[in-house]
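Chains as they are written, first to last, in my numbering: chain S, 9 to 414; chain P, 399 to 659.
The set of hints was computed from the structure by calculation and includes no laboratory data.
Glycine included, each C-beta is placed from N, C-alpha and C at the ideal position.
It is possible that part of the hints are untrue.
Unchecked claim - In silico lysine to aspartate or glutamate, DMTMM-like type, Cα no more than 25 Å apart, as pairs:
#1 P:K456 <-> S:E414
#2 S:K160 <-> S:D178
#3 S:K401 <-> P:E519
#4 S:K200 <-> S:D212
#5 S:K26 <-> P:D502
#6 P:K629 <-> P:E584
#7 P:K456 <-> S:D334
#8 P:K456 <-> S:D409
#9 S:K224 <-> S:D212
#10 S:K20 <-> P:E519
#11 S:K200 <-> S:E175
#12 P:K516 <-> P:D529
#13 S:K401 <-> S:D334
#14 S:K20 <-> P:D502
Said to hold, decoys possible - If you want the footprint, here are the derived chain P segments under chain S, 3+ residues with CB under 8 Å:
#15 452-462
#16 480-489
#17 498-507
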Amino acid sequence: MSILMTIRVAFKALGRNKMRTALTMLGMIIGVAAVIAMIALGRGATDSIETQIKAAGTNLIYVSAGNFMQGGVRMGSGASARLTVDDANALREIQGVQYLSINVNTRAQIISGNQNWQSRIQGVEPDLPNIRVWPVDKGQFFSAQDVATASKVAVFGATVAEQLFGEGVDPVGQIVRIKNQPFKVVGVMGRKGQSSGGFEDQDDSVMVPYTTAQKKLMGQQHINQVMISAASAGEVASVAGRITEVMRVRHQIFSGDSDDFTVRTMEEMAAMRTETIKTMSALLAGIAAVSLLVGGIGIMNIMLVSVTERTREIGLRMAIGARSRDVLLQFLVEAVVLSLFGGMIGIAIGFGISQGITMFLTWPTQMSSDAVLLAFGFAAFTGIFFGFYPATKAAQLDPIDALRFE
Amino acid sequence: MAVISVRNLKKTYVLGDIQVHALRGVNVEVGAGEFVTVTGPSGSGKSTFMHIVGCLDKPTSGQYVLDGQDVSKMSGDDLARVRNLRIGFVFQGFNLLSRTSALDNVELPLLYNRNGLKLKERHIRAREALDMVGLLERAHHHPNQLSGGQQQRVAIARALINRPSILLADEPTGNLDSRTSIEVMEVFQRLNVERGITVILITHEHDIAEYGTRMIAFRDGVIVSDTPILKRRTASEEIKHLPPVGVVTIMNGTETASATS
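All chains, full assembly: derive it from the sequences and hints.
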């Protein structure tokens, strides 16, 4: 019997018991759909992180004060007082450093007329928009002159501007009060959205000269962080190395002792997050694969029942000229048709689920052709693997016994 | 010319420690166009004989020549091919595929025919075969929409589709009432007389055996009698003399009534 004919026969046989066929396929459908949806979810998460990292600039380097690894009293990162403006100025001289901005952070209430809003206050330098690849939308960023004179000027994030002045209102030139001191709004940043971590609204912040933040708002001498942009992405690692060297010399750390500061590149952070997500999606895909396995066992179960139930049919087919291998092929093809059809429907449903996740939970998902191929291949393999035993059983039946079977 | 030639055929089954001698040396020749009926009590070896003649089983020893070809030493695949092309089987239990039209059931052996007939040709041949058994108008009925007699005729059409040398029937009337039995025997006789198809038919009903041209009786694994039937019954004649279906029911009713009173 030709393979085409065998497939037709398989379809006819499966069509004779539609309910059972549908239920058997359901196991396969759920398994494949779960695998597809989980892979799409994992890919989507990894992808969105990569895009965000790229948007933020891959040549970003953060230098923070304090280090978790220090013995004795452990301070949180950035809480140590040992990062100074002088440190930052020394880093400015390092070869390969293109832009640099000191960063000091606090939170404060911002008052404008009868409105008020609490937000993050970032004391920074004029190069920040270049480092974060974050253009100014209205007005302009404050100048180096403002930093030198510690003038009371502020640049609003889009969310802050909206909260205090309402949507569409240009706040440039307005005076607001931060910690009871008047600040002039000189600019509003463009919208940047959620941070790559996904939990923080980057537009909910106010930027002021770091000198102003230190002297007028916080009364502190040290700085929390230095943000650096390397001249090119390829130089990031070497620049980070040089920064570490300079910092160790300045802080008089003996070789063998651990750093009292942290140098992190964007790539490292991205790699860490991607790794976490990969582990998570591998775990989820593993669970989904188990359901695929269960689906396969369901197929085997039904095929075994089917072989017993159709013993007389098998006997008859042999009596009228079917060879053992014809019978083997028939049952194998039935199992494969079951699993492949289930697989195809599962792929469609998995696609639907991932679309649904994107639509209703706004989680990014991404379908990929290799995930589809993988699921399809796995479905076919499951069909052959779990169909083989029942098919062998059918093919080994003795026609005389099979015809007598009641 | 002999279609079937069997020489000193023996078959021994081993069941645990016991050896069962199902056939103890059978010699027989069946010529083309014969209608042989095989009788015998259960355990006489007639079914084993049938299975070997039908190439479903191999003899332990002895020779079986079908159409001039020794099939007793053939491999499983070759035997399958012989069954497909040269032998048509008819069983007691019809063995039709359920939820499958009569036409598709009849076509089934063509699927295993390696000549690779096209769909259209298969349909034409299946229709021809159904026409031979007088069921062309039921081609698209499923088995559960057909009476027992009609189902058996579909099974006969299926046996005929590959134009076999012999038609092997294993108690084809065992599940049928006497009226339908005669109708089915009429089909066998017509195929035998009009088309010259060789028929070998197993039965344990003596009157059914009389529709053949020759009767072989088995007992304890050997042939105990092999006689030509001199007064052959003719099914087509008998049908004419049968009362119409409705009358039979009433007669049966009165009979039952008189028996109980």
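The hints, checked one at a time:
{"no.": "1", "hint": "P:K456 <-> S:E414", "verdict": "holds, 24 Å"}
{"no.": "2", "hint": "S:K160 <-> S:D178", "verdict": "holds, 19 Å"}
{"no.": "3", "hint": "S:K401 <-> P:E519", "verdict": "violated, 33 Å"}
{"no.": "4", "hint": "S:K200 <-> S:D212", "verdict": "holds, 10 Å"}
{"no.": "5", "hint": "S:K26 <-> P:D502", "verdict": "holds, 19 Å"}
{"no.": "6", "hint": "P:K629 <-> P:E584", "verdict": "holds, 16 Å"}
{"no.": "7", "hint": "P:K456 <-> S:D334", "verdict": "holds, 20 Å"}
{"no.": "8", "hint": "P:K456 <-> S:D409", "verdict": "holds, 14 Å"}
{"no.": "9", "hint": "S:K224 <-> S:D212", "verdict": "holds, 21 Å"}
{"no.": "10", "hint": "S:K20 <-> P:E519", "verdict": "holds, 20 Å"}
{"no.": "11", "hint": "S:K200 <-> S:E175", "verdict": "holds, 16 Å"}
{"no.": "12", "hint": "P:K516 <-> P:D529", "verdict": "holds, 20 Å"}
{"no.": "13", "hint": "S:K401 <-> S:D334", "verdict": "holds, 13 Å"}
{"no.": "14", "hint": "S:K20 <-> P:D502", "verdict": "holds, 10 Å"}
{"no.": "15", "hint": "452-462", "verdict": "holds (count 3)"}
{"no.": "16", "hint": "480-489", "verdict": "holds (count 5)"}
{"no.": "17", "hint": "498-507", "verdict": "holds (count 4)"}
Going through the hint list in order, the structure does not satisfy hint 3, though it satisfies all others.
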